[in-house]
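Trainee: One-letter residues, chain by chain:
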Amino acid sequence: MDLTADFFSLFDLPRAFRVSLSELDARYREVQAQVHPDRFANAGEVERRLSMQWATRANEAYQTLKRPLERAKYLLHLAGHDIKAESNTAMPADFLIEQMEWREAVAEARGGRDHHELERLHNRLRADVGARYEELGALLDDVGDHDRATDRVRRLMFLEKLLHEIDDALASLED
Amino acid sequence: MALFQIAEPGESAAPHEHKLAIGIDLGTTNSLVATVRSGIAVCLNDEQGRPLLPSVVRYHVDGSTESGYEAQQHQALDPRNTIVSAKRFMGRGLKDIAHVESMPYDFVEAPGMVRVKTVAGAKSPVEVSAEILKSLKARAEAALGGDLVGAVITVPAYFDDAQRQATKDAARLAGLDVLRLLNEPTAAAIAYGLDNAAEGIYAVYDLGGGTFDISILKLTKGVFEVMATGGDSALGGDDFDHRIYCWAIEQARLQPLSPGDSRLLMTRCREAKEYLTLNAEAPITARLSSGELVDIKLDVATHAEITRTLVSKTIQPVKKALRDAGLRVEDVKGVVMVGGATRMPQIQKAVGDFFRQEPLTNLDPDKVVALGAATQANLLVGNKTGRDEWLLLDVIPLSLGLETMGGLTEKVIPRNSTIPTARAQEFTTFKDGQTAMAIHVVQGEREMVSDCRSLARFELRGIPPMVAGAARIRVTFQVDADGLLSVTAREQTTGVEASIAVKPSYGLSDDEIAGMLRDSMDHAKDDAIARALREAQVEAERLVEATEAALAEDPHLLNEAEIAKIRAAIAKLKETAAGDNRRLINLAMDDLGFETQEFAHRRMDQSIKRALAGRKVDEIRMGEES
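If you're matching them up, the sequences are chains A and B in order. Under the working numbering, think of the first position of the first sequence as 1, with each following residue one higher. Under the working numbering, think of the first position of the second sequence as 1, with each following residue one higher.
Please keep in mind that the hints were generated in silico from the structure rather than gathered at the bench. Some hints could be false.
[What the hints assert, rightly or not] Covered stretches of chain B (chain A as the covering partner; in silico rule of three or more C-beta atoms under 8 Å from a C-beta of chain A):
| hint | segment |
| --- | --- |
| 1 | 408 to 422 |
| 2 | 472 to 486 |
[Said to hold, decoys possible] Here are some chain B residues pointing at chain A (derived, C-beta under 7 Å):
| hint | residue |
| --- | --- |
| 3 | GLY175 |
| 4 | LEU179 |
| 5 | GLY326 |
| 6 | LEU380 |
| 7 | LEU392 |
| 8 | LEU543 |
| 9 | GLY593 |
Glycine included, each C-beta is placed from N, C-alpha and C at the ideal position.
With these hints in hand, go ahead and build the complete structure from the sequences.
Mentor: Here it is, written out as structure tokens:
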């Protein structure tokens, strides 16, 4: 094992989208328990530096694998399919229209300070996102269709951003 | 159990020797030092049996100082040379400090950090803090009777990079080896969690003399994981005193006060605040230098009324931290109260109302941070406590970013990232043949750079001339386990390591620290060279001990030639450490470091593999020993 090993092997997990989060948590903690700088506070400089590099790597790996969208992007990256989010923003028209409708509904609820409606939109969108991750899991783990998976990831990036915006709107109503 | 130990000649025969380590709570109003004795964390008291050391330093004309209660007594008498609440000035410029007008000091604006003019010259808050740390260090050495291996020093979780760096500089100036900067609420959580075998989500509400922190932690078997933190590094008990002080001036219709009178009245206001913890009404009486008598009464209801906005100012960060952690009020199993200011009844009520439960106050809110720090220090130096080892996963409180076009901030590492953490960002040139690039590092959540704290300005030079946009400069932010940032840069296409000129926008330069160190040495008639030599020798001893322990534990990871090389480097280091040439000792340490590099890699690799195989090293050992 070295610092360049991929995140899945770092935690000795199968390279797949469907991961057990409790297993991931446990592996992450086991690795951190070994490499964390607190274990080497009294060690020589070489070990202290090495420990910081490993602990940094473990944190990066955990943060990536914990979030489904980041995990999917990482899997595609390992398979040589980069998302190219910035340079490739072309999306099918029906998806874009759907997005605009969502955004209008959120803006309206926020404008009217309609807490209830924002919650409703949030729950609906969350269910939709959940179903899309199911599909993404099948594309990545069962079918191995990376092209379609890349397309789904790019859609999910839009939707996660929207979820985040609804969260912010809800938070601003609470304050 | 091993019945006897076989020690090779020259090998350490006492690997389980108790090492002296301390935890220090360097507070705005009071500071404490604690250690672990016979497995129990205890605060170390002064000769009069008092655990607290008021964070007050008085400077005399000859450059000598007094700290603590002694200095505190002279506050009203010698206000300009008696510095209180220096923590509020750490890593801060004059414009960052609130209520300057009611402070009796002659502030001097200096690059990066404000100074206070005293009879002994302009003093940086770092120097003032170092005096407090020196007192605590002396107290600990007297109580423990030996050289300290190191100290854990606590800082508010919401301290930014400049304030953390200033704290570390103060420790260095005081001659303390800092094992770790530990966040105050996290220290409290360790003390509380280990004592109560707590599991679940806990909130630590920490209102100190000058700082406010809220941390949300997940406690699971042996792991303290900070999920989010928030706060205000310029809000504390001091502000409540100030509110009462302003109210008192208004009530008594007072004219502007002299520095001495101002200090006196502020002290009376603080006493009234403390009295109201257990009483319904508190008198505020003070005889001013003019002979005028201030004699008014403050009741609980008025106190709550005039401090209402301060109380609600603490609830906003609590809401934000919960949101950042993705949690609701119902998820919080317990709320631990830390800091003397949480004794105020209006605080207890506001926190209780918000979390819909009684806050936990069974630990002394003044001591809990120092006790937690001592417990962590004991773990860090490797003293076995009989308790399972625990793991601490803390976060950075504020996002780190870079200035981009138009004075906007681009976040590189978001707040609440678990540390240590690193993130790289790529930049390119925008002009043909451009060979240099300025980079401005900031910390904060706001969009405009001008609203964030400027941490450092870097100039990357030596970029090979290329057409615009062809250079790829990778700037890497690394935050270590103390929450401190370092930045490196490299041009990717040519592999040229760009030179970096660091101009810290805050804090003290290495030269300044060295100068202060020399000054304090001169004063103490200490010998700087002797001290540096002693430090190198201690470091060498530590390295030898750690390497020998590693060799004893994992000889199977090395072949005979490698072992021989390492043993030779150890022997060489021992030989030089016995002499008095510091340069040779450092060289020998570097050599040993070089020889053990590969060994360190293999050991790390082995421990990860063992951990993932579900067999912790401890379990293997227990199996062998039973």
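Trainee: Does each hint fit the structure? Answer for all of them.
Mentor: Now the hints, each set against the structure:
With a cut-off of 8 Å between beta carbons, the segment 408 to 422 of chain B has 6 residues touching chain A; three or more are needed, and the interface restraint holds. Counting residues of the segment 472 to 486 of chain B whose beta carbon lies closer than 8 Å to any beta carbon of chain A gives 3, which reaches the threshold of three, so the coverage claim holds. The restraint placing B/GLY175 at the interface with chain A is violated, with a minimum CB-CB distance near 18 Å, outside the 7 Å limit. Hint on B/LEU179 holds. Least Cβ distance to chain A is approximately 5 Å, under the 7 Å limit.
Because the beta carbon of B/GLY326 sits about 9 Å from the nearest beta carbon in chain A, more than 7 Å, this interface hint is broken. This hint holds: B/LEU380 has a C-beta 4 Å from the nearest C-beta of chain A, less than the 7 Å allowed. Interface restraint check: B/LEU392 against chain A, minimum CB-CB distance 6 Å, threshold 7 Å, status holds. The restraint placing B/LEU543 at the interface with chain A holds, with a minimum CB-CB distance near 5 Å, inside the 7 Å limit.
For B/GLY593, the interface hint holds, since its Cβ comes within 7 Å of a Cβ in chain A; the closest pair sits about 5 Å apart.
Figure legend: structure checked against the earlier numbered hints; hints not met, in rising order: 3 and 5.
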